[in-house]
Amino acid sequence: MSNFVFSSYRDLRDALLSKSISVESVVSAYLSRIEAKAHLNAYLAVFKESALAHAKVLDEKLASGKPIGKLFGMPIAVKDNIAMKGEKLTCASKILENFTSIYSATVIERLLSEDAVILGKTNLDEFAMGSSNENSAFGAVKNPINESCVPGGSSGGSAAAVGGDLALVALGSDTGGSVRQPASFCNVVGLKPTYGRISRYGLVAFGSSFDQIGVLAKTAEDAALVLEVMAGEDPMDSTSSNKPVEDYARASLDPKQLRIGVPKEFFTDALDPEINAMIQTVLEKLKAQGATLAELSLPHSEYALATYYILATAEASSNLARYDGARYGYRAKEITDPTDMYVKSRSEGFGKEVKRRIMLGTYVLSAGYYDAYYRKAQKVRRLIRNDYLNAFEQVDVILSPTSPVPPFKFGEKMHDPLTMYLADIYTVPMNLAGVPAISVPIGLNAQGLPIGLQLIGNLFSESTLIGASKLVEATREHSF
Amino acid sequence: MEYELVVGLEVHCQLNTKTKAFCGCSTEFGAPANTNVCPVCLAMPGALPVLNKQVLESAIKLGLTTHCTIAPYSIMARKNYFYPDLPKGYQISQYEEPICSEGYIEFDLDGEKKRVRLVRIHMEEDAGKSIHDIGEETYIDANRCGVPLLEIVSYPDIRSTKEASAYLQKLRAIVRWLGISDGNMEEGSLRCDANVSVRPKGSEKFGTRTEIKNMNSFKSVENAIQYEMERQIEVLKSGGTIVQETRLWDADKFETRPMRSKEAAHDYRYFPEPDLVPIEVSDELLSLIKAELPEMPEVRATRFVSQYQIPEYDAKVITTDRLLADYYEEAAKVCGDPKATSNWIMGEVLRTLKEKAIEISAFPIEAKRLGVLISLVKQGVINGNTAKEVVFVKMLDEPTSPQDIVKRDGLAQVSDTSAIEKEIAEVLSASPTQLADYRSGKTKLFGYFVGETMKRMKGKANPQIINDILKRKLESV
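Protein chains in written order, with the numbering used here: chain A, 336 to 815; chain B, 142 to 618.
What the hints contain is simulated information worked out from the structure, not anything from laboratory work.
These numbers were taken from a predicted model, which means no experiment stands behind them.
Think of the CB as a built atom: it goes at the ideal place given N, C-alpha and C, for glycine as much as any other residue.
Here are the simulated EDC-like cross-link-like pairs (lysine to aspartate or glutamate), alpha carbons at most 20 Å apart as the crow flies:
id, chain 1, residue 1, chain 2, residue 2
1, B, K254, B, E304
2, A, K578, B, E421
3, B, K194, A, E568
4, B, K601, B, E564
5, A, K679, B, D226
6, A, K711, B, E237
7, B, K614, B, E562
8, A, K714, B, E238
9, B, K342, B, E304
10, B, K220, A, D706
11, A, K711, B, E238
12, A, K679, B, E278
13, B, K311, B, E151
14, B, K519, B, D545
15, A, K690, A, D675
16, A, K714, B, E237
17, B, K378, B, E396
18, B, K601, B, E562
19, B, K495, B, D467
20, A, K668, B, E278
21, B, K159, B, E198
22, B, K495, B, E530
23, A, K668, B, E277
24, A, K622, A, E808
25, A, K599, A, E609
26, A, K420, A, E444
27, B, K270, A, D672
28, B, K311, B, E292
29, B, K303, B, E247
30, B, K254, B, E453
Over the 10 Å line for every Cβ pair with chain A, so calculated as not near, a few chain B residues:
id, residue
31, S344
32, G348
33, K519
34, S570
35, R580
For reference, chain A alone in the conformation it holds in the complex (with noise of 0.2 Å):
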């Protein structure tokens, strides 16, 4: 823990709960890192002052002999798209770029009330829409690995933050793999919960039905332990589920009992070698600790991605209708009535992907194209559903690579959507099935640049996915 950077929360309690240190210097020291590292631009804003603040009341409670919270201490930071009242909700957007929420996220709430500290609000692609975080109306942030690279996205503040020691956890947002492919780019833990696991009150919609508040962080306890302290039904979220939360973080696994399947179709030519040889060198790890491995088939998977760039974009066309110039956000100047202010405030607010994507969805959703294209979609996405509904009736876990690349340069995929949207080709089913999935790290390739591997889990079995990450961290321990 020298100079304040801490391997897990864990250290970070057992530091504070002796007392050698105060949450009031923890969190002094990330916001010294965070004005250090400004220029990576993981943050969109920085609460200085509230966060020293809540960190002194913290300190006191300690000393006071008070109970503390679970969460106590964490400094913990918020991609800007979940609301936090009286904070601006940016979603990285010219059209909310003077925004201030009025309430907060469920997530908010539950953080605050176990004493988590919120440093601020992280970067990301605009209304979450992108693997790059390039698409950023407030520029693009540098992966703290190696910043001539993405930090992926749409979290790629949030990766940024935690890969850069500049938050020991971040919450991200998950549609298509937003919290799983930057975390695998910034060397960090992602986890994307069950659907339905996590309230969404708060969060900004883009997908309504894949949007998943995630957590980014060093290990996958402490993933769990935020989980365990987000999860749970919530009156204002009715797709919120009821099943009772787990003991996430302390989940764990006996090798013997697992049972890991390998889908072929995930590992093709369209896969780096070199990822796919260090993600064999881990299977054959958890091998030799006795886990069982099956290949077997998810035969619906090459259809993943035309499905869920059709209802994705058909939610997020009719979810981005609110922003029109005429409550809040951006309001073009000199217009002539309604229309004409609703076509030029979201001409000039919304960026290029955004549009895009609002007119992919709106063309999907049109009369006479809607059987062809949302409905047929619908059916697909149920296929893909039994694809793993099946599949864990045979395993516990899926073992895939989190991305097919490892991270790539600025502007290498910006020309082309169609090649940036490849890059979601291994975590967009999850979304579209329901089913939780994790960004476990396994090292860095040749050139430096980190890897990440994902676990998918069955409908609300994150006990034991978090269970198998341990035993995946376990494998790199052991080579290092």
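Once you have looked at the hints, place chain B on chain A.
Chain B in isolation, oriented as in the chain A frame:
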């Protein structure tokens, strides 16, 4: 050629739930602008709707009452369009798989039973209001955003303007009877659009229809449909064709006119609302709601006739309104005289409601007080005239009990025969001419003697005793 009118109605009925359809905001009418609002109904980024269970229950109640099939599984949908008073840029409604489908409403018209079939009943939310009359700018009041509505869509089974109006009246009576809406058309609780077409009499094929909007009274509905029918017949007779379009009723100019095509040409891009889980109606919920359904007017009227021995006509009138029927039963129970109670309601009560233009819920005399008043007459404490003309009138203005009014104002009936006899003797001796006329056969003058005696006794005498004594005296002498 003779033409036949064909009409289908789409009615929006505003529910009277305490809170909005998808958030906890109050639905109170007339609150200061933008005070009944929250992140959800203001469509703040990240806010989510949650369905108010009472809205679902109201829809099921109406569905059961109108013989609809209640879907065990139904879904909400988004209807997408841009309008400044629609904060989300979409309205949450139902499209495929509505909560209720395939029912009917029956009503009497000119002594015949008419049945209009229903296509569907679905749940949706209202939009806000644009305010144009403050300075140059347009303002938005979001208080109404998210107020729950039911949309009731009929088949084109209506064949006359009278039928259209009778159907609406019946629908209004049903929602009021169920207690799910106040059904007030002028205040916009009931809003009606009509699909109107005409066809040669005897033809099976429907003509091209127009959709008429903006009719905000029963009279408007009749007038607008009548106008539109005549307009269409005129067009056809002069060799033209009907354009399928949306037309607005202008009550001042007394005409329908086409909306601008831009306003009418919408592609709503309906799709299932992903923020709300599918609605499952279990058998348990269904039987629970069935058990809660009030006894319907026809059933109740039949019961009134057999249980209380009141005329069928009275029973029908009293059961036009559930609160009135409740009022009747309570008052009858208090006084123990259902027949007299029915007479009071049919007479004094309904007349007063009409004069004051109020509903029974706002009637100043509670059922219990009316019951006590009726029993005072029954027990002979006061006579009927005093009850109607003095005590009832006072009770309208003050919350005092009828007993206290009688006591305070000394209105108790005089049944003392010697006192009455004395007054009658005075009347007879003071009216020798009338007495002579009576004896010569003008027996109608009996009433005159009763009146004079009553006048002398300030109206408080027991009229039966006056009758008895007077009869005896006139016959004996």
